[in-house]
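Chains as they are written, first to last, in this note's numbering: chain X, 1 to 231; chain Y, 1 to 298.
Please keep in mind that the hints were generated in silico from the structure rather than gathered at the bench.
Treat the hints with care, as some may be off.
What the hints assert, rightly or not - From the structure, some residues in chain Y lie toward chain X, with a derived Cβ separation under 8 Å: (1) 34; (2) 54; (3) 249.
All values derive from a computational prediction rather than experimental measurement.
Think of the CB as a built atom: it goes at the ideal place given N, C-alpha and C, for glycine as much as any other residue.
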Amino acid sequence: MTPGTLHSLFERHFGGTDGAGRIDARHAAELAAGMERGDPTNGELADNPERSTALLAAYLDGGLDDAAQQEVHARLSNSPAQVHEVASADAFLDAMESARVTAPADLVTTTISKRRTAAVLIPPPRQSSAIWKWSGMVVAVAVAVVAVLVIVNHHAVPTDNAVPIATKAVPGKVASPETPMIAKPQIPHGGVPLPGATPAASEESTPRTHPRREQPTMAPEGLDTAPGPSH
Amino acid sequence: MTTADDRALVRDVLDTKPQAWDRFVRRVADTVWTACRLLTSDEAEARDAFGDVIDGFHVDGFRRLRQYDGSSRIETFVALSARDILAERMLRLFLPDSGAKGWTAFERFFGADIIRIIARRLPGADREHIRQDAHQDICLALISDDYRRLKAYRGIGSFTGFILHMVDRLLIDFIRRAMPVRQPTIATTLSTKPPASWEEIPSDLPSPEDALLEQEGDRLLAMATQVLRQAAADLTEAERLYIHIALGGGEPIPAREVARLMRRPVEEVYKLKQRVMDRLRASLDKHPAVKTWRASVL
Numbered sequence: 001m002t003p004g005t006l007h008s009l010f011e012r013h014f015g016g017t018d019g020a021g022r023i024d025a026r027h028a029a030e031l032a033a034g035m036e037r038g039d040p041t042n043g044e045l046a047d048n049p050e051r052s053t054a055l056l057a058a059y060l061d062g063g064l065d066d067a068a069q070q071e072v073h074a075r076l077s078n079s080p081a082q083v084h085e086v087a088s089a090d091a092f093l094d095a096m097e098s099a100r101v102t103a104p105a106d107l108v109t110t111t112i113s114k115r116r117t118a119a120v121l122i123p124p125p126r127q128s129s130a131i132w133k134w135s136g137m138v139v140a141v142a143v144a145v146v147a148v149l150v151i152v153n154h155h156a157v158p159t160d161n162a163v164p165i166a167t168k169a170v171p172g173k174v175a176s177p178e179t180p181m182i183a184k185p186q187i188p189h190g191g192v193p194l195p196g197a198t199p200a201a202s203e204e205s206t207p208r209t210h211p212r213r214e215q216p217t218m219a220p221e222g223l224d225t226a227p228g229p230s231h
Numbered sequence: 001m002t003t004a005d006d007r008a009l010v011r012d013v014l015d016t017k018p019q020a021w022d023r024f025v026r027r028v029a030d031t032v033w034t035a036c037r038l039l040t041s042d043e044a045e046a047r048d049a050f051g052d053v054i055d056g057f058h059v060d061g062f063r064r065l066r067q068y069d070g071s072s073r074i075e076t077f078v079a080l081s082a083r084d085i086l087a088e089r090m091l092r093l094f095l096p097d098s099g100a101k102g103w104t105a106f107e108r109f110f111g112a113d114i115i116r117i118i119a120r121r122l123p124g125a126d127r128e129h130i131r132q133d134a135h136q137d138i139c140l141a142l143i144s145d146d147y148r149r150l151k152a153y154r155g156i157g158s159f160t161g162f163i164l165h166m167v168d169r170l171l172i173d174f175i176r177r178a179m180p181v182r183q184p185t186i187a188t189t190l191s192t193k194p195p196a197s198w199e200e201i202p203s204d205l206p207s208p209e210d211a212l213l214e215q216e217g218d219r220l221l222a223m224a225t226q227v228l229r230q231a232a233a234d235l236t237e238a239e240r241l242y243i244h245i246a247l248g249g250g251e252p253i254p255a256r257e258v259a260r261l262m263r264r265p266v267e268e269v270y271k272l273k274q275r276v277m278d279r280l281r282a283s284l285d286k287h288p289a290v291k292t293w294r295a296s297v298l
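Required output: the full structure, derived from the provided sequences and hints.
Structural data, given as structure tokens:
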């Protein structure tokens with residue numbers, strides 16, 4: 001082995017002049033595979049797919065300033081998949097340019113009118129579940145407050161000075177241990193409970209929230225990875 | 001219309017001004033229709049796809065449209081967005097019970113890209129049969145196990161990039177199987193003649209000399225990869241990107257093509273090539289095997 005051998009290999013791949021002829025496909029393939037690090041399919045040009053598309057369009061149209069273009073180069077240099085994406089988008093735009101056709105007028109009109117119809121037919125947006133939840137809670141709290149006021153009024157301390165504050169115990173009558181220390185509030189209206197007298201947090205007084213819809217998930221089966229060279 | 005006019009139109013759409021959406025649809029209709037005709041199989045499907053793409057711009061409060069900031073032509077932005085929407089649409093065709101629809105749509109969508117990638121790695125009129133074999137090999141791998149490789153996409157990164165990178169890796173696998181490693185020599189490197197055709201025919205019974213040569217070729221290639229990786233760590237992003245682009249082909253990629261992909265002037269690409277070669281030469285000189293060789297001859 002001499003340094004000249006490797007140097008000439010690099011020269012052919014990276015320093016070759018246009019039209020210098022074919023290079024060894026196997027060498028290029030091995031070097032390309034050897035250059036990959038990490039997961040080469042990861043990575044976008046930007047933080048979300050929509051922004052990536054806008055950035056790719058700007059890059060291909062030459063609409064980026066130097067700093068933004070360097071940022072794109074940095075992302076591309078770490079993601080062979082993104083280099084393929086750029087090359088593919090570039091080829092696609094070329095094909096678009098040469099195959100440009102006019103959209104059928106009836107299709108455009110129908111598409112626009114469909115959207116108009118949909119806008120008319122769509123009912124006004126319903127109150128969100130959050131609004132339902134909060135309004136329900138307010139009602140429940142209000143009902144609970146009314147219930148408490150009714151109870152308190154029923155056991156209110158008498159304001160008449162002639163009435164003793166505490167009644168004397170009747171001699172000979174001893175409260176049994178089962179007697180509750182706090183008197184139960186008496187239910188007015190012939191034993192029918194007050195509507196909405198349940199605690200505010202109970203299920204009956206708060207509107208139910210819709211259970212979260214399960215998102216279907218697809219278990220990743222793993223990326224196909226080409227085996228490395230045997231050496 | 002100028003880009004500023006288009007930006008204003010998109011702003012009107014986002015502000016839900018009267019008639020803005022209708023004007024927008026009319027403005028981009030030809031671009032969307034052309035994309036649909038290119039990426040679907042027939043006119044009936046293209047008409048369905050047209051509606052889906054237009055809806056795709058409307059959904060989620062114009063989520064896609066919000067990204068348009070006027071730094072590209074509206075046609076470019078809409079064409080690439082339409083391509084994304086149609087890719088998502090195509091993915092849905094791979095659901096169970098959709099029969100061969102998914103694969104037909106896939107071929108229509110990626111067919112040109114697959115052919116381009118194969119032609120780039122295996123150039124030359126005399127390699128037509130190898131390219132056909134490679135194409136068949138790649139398609140079989142993609143179909144196998146109920147499209148396992150396609151379904152492995154986890155939604156991270158671009159779907160198009162994911163597929164095309166996988167195609168390239170499958171192609172590299174094919175090249176490894178079909179083409180033995182030959183020792184890179186100065187004599188062949190300086191030759192501009194196409195290599196002999198026997199080079200591309202896999203030999204079932206290699207001679208001992210061939211086996212030795214292949215072994216030596218493997219060793220040199222491993223060393224070249226090592227040197228390249230070391231050098232790449234010190235390169236700028238643009239230089240590293242140039243290496244990725246250059247390694248995507250089976251012949252030197254013309255500077256104007258590199259310049260087009262990098263969106264830089266051709267003169268700059270020539271300078272870039274020179275810098276990359278200087279760095280590789282320096283990295284090669286530092287390699288232990290080269291130092292050992294130098295010590296032995298001095």
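Each hint, compared with the structure:
1. Below 8 Å, beta-carbon pairs count as interface contacts, and residue 34/Y has one with chain X at about 5 Å; its hint therefore holds.
2. Restraint check, residue 54/Y versus chain X: the minimum CB separation of about 5 Å is within 8 Å; hint holds.
3. Proximity of residue 249/Y to chain X holds as hinted, the smallest CB-CB distance being about 7 Å (cut-off 8 Å).
In summary, this structure violates none of the numbered hints.
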